[in-house]
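A.B. asks: Now for the letters of each chain:
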Amino acid sequence: MSTIEKNAPTLKSKLNKAEIKRQSVLLIIAGLYVIYGIIFYYLPLFGWIMAFQNYKLKDGFFGSEFVGLKWFKFLFEDKTFIRILRNTLAMGVINLVATTVTAIGFAILLSEVRNMMGKKIVQTISYLPHFLSWIVVTSIVRDAFSLKGMINELLLNLKLIKEPISYFMHTKYFWPIVAISNVWKETGWNAIIYLATITAIDPSLYEAAAMDGAGRWQKIKNITLPGIRSTIIILLIMNIGNVINAGFEVQYLLGLGVLKPVSETIDIYVLNYGMANFSLGTAAGIFKTFVSMVLIFLFNFIAKKAGEERLF
Amino acid sequence: MFKKLTKSKMSGWDWAFVICNTIFLVLFCVVTLYPVLNTLAYSFTDGQEAILRNVHLLPKKFTTSAYSKVFGMQGFRRGLIVTVSRTFLASVLSLAANALLAFIISRKNFIFKRGLSLFWVITMYANGGLIPSVILMTKLHLTGTFWVYIIPGLVSAFNILVLRTYMSSLPDSYEESAQLDGAGHLTIFARIISPLCKPVYATVFLFVAVFHWNSWFDAMIYNRLKPQNTTLQYELQKLLSSLTQLNPSADSSGKVTDMTTEIQVRAAATIATMLPIICLYPFLQRYFVTGLTIGGVKE
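Those protein sequence lines, which keep their order, are chains A and B.
Just so we're aligned, residue 1 is where the first sequence starts under my numbering, counting upward by one.
Just so we're aligned, residue 1001 is where the second sequence starts under my numbering, counting upward by one.
Just chain B, same shape as in the assembly:
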C-alpha cells in the first residue's frame, strides 16, 4: 500500500497539501501587496471620490493633482534633497570606511587582529543610549548640521563582520602573488581585494542606503529646529500628523474648496517616499540574501 503511494509520487494528501499551500501563499502575497496597491490607487483618485473611501485596486476619476500638491510643498522638496544627498554620501563613505577596516582585520598576520576585532564587537552590545549620544553630538557641534547624519554611523560593527567574513573566505594566493610583485597593503586592498568583493560591497551598500533613506528619528532629535536639514521621512511624518490633527474624521472634511483632499495627499506622499526603494530592491535581491546569510550565521 505504502509502496504504491510512493511510486505514484503524488498521493491525494500531497495534492491537497500543494493546493492549500498555493492558496495560502497567494493569500500571503495579497495581504502584503493590497495595502500598498490600495494606497497607490488612492493617490491617483479624485478628491471627491476619495472621501467616499470606496477605492480598491483601481483609481476612480484618475488625477495626478495630489502629486503636484505634494511636490509643490517646499518642505517635501527640501526633505527629498537632504535625503538623497544623505543616502548617497553615507552609503559611499560608510562602504569605503567599513571595507578598509574589514580589510585590515581580515589580514591573517595583522599584529592587533584579535584586539581590534574585540574593540568593534563590544560596540555592538554596549552602547551609551540616547541621552549620552545627544550630549556628545552637542559637544561636537554636530547638532543642527547635516553631518550629524553621516559621521556618527560611519563605521558599524555589523557591516564590518559581514565584510570581514567575506574577505577571509577569499584565497590567499591572490594577495601573496601581489606581495611578491611588491604591491603595498593599500594597493592590494584597492586593486586585488575590492574587485573580488563586489557582491558583498553591494550588500553593505544596500543595507546602509535603505537605513538612510528611511531614517527620521535623528532628524527629529538633532535637526527639529533646522528645517533646511530635515529628512524626507520626517517631512512625511509631519505631513501625516498635521493632516490627522486637522481632520480627525475623514467625513467632516467634505467642504474642501480645493479638489485635493488629505486622503489623496497622504497616499501620494507615502507612495512618493517609498518608490525609489521599491523599484530598486528586486534587482539587488541576491546580494542581500547572501549578505544576510553571511552576517547572520557567524561562527
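Pulled out of the complex, with its shape left as it was, chain A reads as follows:
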C-alpha cells in the first residue's frame, strides 16, 4: 500500500513529462487559442471597470476617476430607463411564451402527419423565414401591416373591421406586432428540437395506448407532452436568461417615431446613450448580464426543487 502511494506521484509526473512532450503541438496551438480568447472575450470583461468610473478616452482605464455606483444609481433614478426596463421585460416574456407555445404546437401537429412527403414539404417551408435577416423581415412586416397592406386587406374582406387601421401609429399594437414577427420568423426553426424529441419517443407506448383505446388527444396529452417535457424545461431555462435580451433588431427597425415609448429596449438605450457616455452604457450592459444570470440560476433552482430536469 505504502509503496504504491510513494511510487504513484513519480510515475504520474514521469507520465506527464512524456505526455507533455507528446502533446507539445496540441499545447502550443491551445495556447494560441487561449491568447485569442483572452483578447476577444476576457479583455472586454475587464472593460466593466468603466461602469464604476467617469471614463474618459484620454484618461484611459487607469487614469479615469472612480465614482463607485454612481451610474447604477443614475440608471434607477432615470425614468427613461425604468420605462425601457419595462418594455424589455414585457416584450421578452411575451416573445418567449409566444414562440415556445407555437413551436411546441407546430411540432406536435406536424408529428401527427403520416404522409412523409407532405411532412417534408411543410417542414422545409417552415424553416424559410429563419434564414431571412431582420432587415428583410421587418420590411415585410412593415408592408403587411401598412394601411393598404395584406393584414388590413384581409380583415376588411372578412368584415372584421370597417376602416383600415394604421398599426404603426398606435402604441398598443406594437408589442403584439413584435411577437407576431418573432413567431413568423422562428416557429419552424424552434420546432426542430421538439420534433426530434417526439420522433425519439418509443413507438410501443403509442401502440399500447391504442390497444387501451386511447384517442389521438389522449395520446398527445399522456405520451407526447410528457415525452418532450424535459426538453421544454431545459430550453426554457436556457432561454429565460434571454428575456432581458428582448431583442434589438425588430424594435430598432420597426419602433420609430410615436412608438419609441413602448419600443425602446435596453440594447437600444445602450446604443443611444452609451456611445456618448461609455460609463453609463457599460453599467446598463452589466445590469443586463446580471439579470440574465440571476434568471437562469433562479429557474434552474426552481426546476431542481420541483424535481424536474435542469440545466446544471
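By construction, these hints were calculated from the structure, which means they are not laboratory data.
Each hint should be verified, as a subset may be incorrect.
Stretch-level coverage of chain B by chain A, calculated; a stretch enters the list once three of its residues show a Cβ under 8 Å from a Cβ in chain A [unchecked claim]: (1) 1078–1085; (2) 1123–1129; (3) 1158–1167; (4) 1184–1194; (5) 1213–1220.
Derived pair list, reagent style BS3-like, types lysine-lysine, alpha-carbon separation capped at 27 Å [claimed, not checked]: (6) A/Lys-260 with B/Lys-1069; (7) A/Lys-21 with B/Lys-1108; (8) A/Lys-58 with B/Lys-1139; (9) B/Lys-1238 with A/Lys-148; (10) B/Lys-1226 with A/Lys-148; (11) B/Lys-1226 with A/Lys-56; (12) B/Lys-1069 with A/Lys-148; (13) B/Lys-1061 with A/Lys-58; (14) A/Lys-260 with A/Lys-119.
Among chain A residues calculated to face chain B with C-beta under 8 Å, some are [stated by the list, open to error]: (15) Gly-37; (16) Phe-52; (17) Phe-76; (18) Ser-139; (19) Pro-226.
We put the beta carbon where it would ideally sit given N, CA and C, even for glycine.
We have chain A; now place chain B onto it with these hints.
C.D. replies: This is chain B only, laid out in the frame that chain A set:
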C-alpha cells in the same frame, strides 16, 4: 364499442383531426410563403401598377426595371461584394479554427481538457457588452476595416460544442491505428478526423455563413463612415429607410418621372438579398437539423 373503433383504425374523430390538421398546416405554409411571394410579385410589377397596391401572387405588366435599378446602385453592388467575400472568408476560417480547437478539446488524454473547455464555455455566458467591445476594436485598430467582420467572431463556444460533441462520438479505433502507424496529431486531425466530420462541418459552415450573410449591425457600428466596407444588408437597410423617409405615404408618389417606384425597388432589393440563402438552405436541411439536435441537447 371501443374495440371496434381501434380495429377499423380510423374513427370519425380521427378523420376530423386529420382534415383539420391538414387545413391548419396548409394555412401555416400560406402565411409563411405569401409575404415572400407577394414581395417577389411586386419586384417584377410595373411602377404605375405597383402604386395601386393591387398585386397579389402574380406580377402585373411584367418588368425587370426594378432589378436593373437596384443593381445599378453603386452602394448595393459594393455591399454585395463585401458580403460575399466576408461570408466566404469567415465561413472557411471559422470552420477551420473551430474544428481544430474542438479536435484538441475532444482528445481523451489532453492534459488541459477540462480547463480549456471551461475557458470557452464561460465566454458563452459572460460577455463584456457593446461598449467595451467597441473600445477594444478601436484600440486594436479594427474599426473601419474589413477585418472587424472576420477576426472577432472567429472562434465561438457554441460551434466548438457542436463540433466537439460530434468528434467525441467517433470511435477511438481510427485514431489509435493511425497513431500506431506513427501519425502526428495534426495528421490525424487532417487525414482521419476531418473526413469523418463532413456532416457536422457542413452544419457549422451553414450556421456561420447565414450569420455573416445577414449581419448589418457590425457594419453600422464599425464601418458607418467607410462606405467601401459596408455590407449588403446594411445597404438594404439604408435603401429601405431612405425611401420611407422620402415618401411617407405611398400614394403621394404618383408623379414619378421614372416608371420605377419605391415599392418595386424595395421589393427587388429585398428579394435580391435573400435569394442566395433561400436557394441554398433546402439542400442543407439534414445538416442543420442534426447540428441543432447535437448542439441543443447537450449533456
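A.B. asks: Now tell me if each hint is right for this structure.
C.D. replies: Evaluated hints:
1. For the region 1078–1085 of chain B, the stated coverage by chain A is not satisfied: 0 residues place a CB nearer than 8 Å to a CB of that chain, which falls below the threshold of 3.
2. Counting residues of the region 1123–1129 of chain B whose beta-carbon sits less than 8 Å from any beta-carbon of chain A gives 6, enough to reach three: the coverage restraint holds.
3. With 0 residues bearing a CB less than 8 Å from a CB of chain A, the region 1158–1167 of chain B misses the requirement of three and the coverage assertion fails.
4. Requiring three or more residues with a Cβ within less than 8 Å of a Cβ of chain A, the coverage given for the region 1184–1194 of chain B holds, as 3 such residues are present.
5. For the region 1213–1220 of chain B, the stated coverage by chain A holds: 5 residues have a C-beta nearer than 8 Å to a C-beta of that chain, and at least 3 were required.
6. The suggested pairing of A/Lys-260 with B/Lys-1069 is violated, with an alpha-carbon distance near 33 Å, which exceeds 27 Å.
7. Of the supplied pair hints, the one linking A/Lys-21 and B/Lys-1108 holds, its CA atoms being roughly 16 Å apart against a limit of 27 Å.
8. Distance restraint check for A/Lys-58 and B/Lys-1139: the Cα-Cα separation of roughly 12 Å lies within the 27 Å cut-off, and the hinted pair is therefore satisfied.
9. This hinted pair checks out: B/Lys-1238 and A/Lys-148 have alpha carbons roughly 23 Å apart, not beyond 27 Å.
10. Between B/Lys-1226 and A/Lys-148, the direct Cα distance comes to roughly 37 Å. Violation of the 27 Å bound is thereby established for this hinted pair.
11. For the suggested pair B/Lys-1226 and A/Lys-56, the alpha carbons sit about 25 Å apart, so the restraint of at most 27 Å is met.
12. Pair hint B/Lys-1069 plus A/Lys-148 holds up; C-alpha atoms about 25 Å apart against a cutoff of 27 Å.
13. Restraint check for B/Lys-1061 and A/Lys-58: not satisfied, since their Cα atoms lie roughly 61 Å apart, outside the 27 Å limit.
14. Restraint check for A/Lys-260 and A/Lys-119: not satisfied, since their Cα atoms lie roughly 41 Å apart, outside the 27 Å limit.
15. Here the hint on A/Gly-37 is kept, as its CB sits about 6 Å from the closest CB of chain B, short of 8 Å.
16. The beta carbon of A/Phe-52 is not positioned within 8 Å of any beta carbon in chain B (closest approach about 13 Å), and the interface hint is therefore violated.
17. At about 18 Å, the closest approach between the beta carbon of A/Phe-76 and any beta carbon in chain B exceeds 8 Å, and the interface hint on this residue is violated.
18. At its closest, the beta carbon of A/Ser-139 sits 5 Å from a beta carbon of chain B; the interface hint therefore holds under the 8 Å criterion.
19. Interface restraint check for A/Pro-226: the shortest CB-CB distance to chain B comes to about 17 Å, outside 8 Å, so the restraint is violated.
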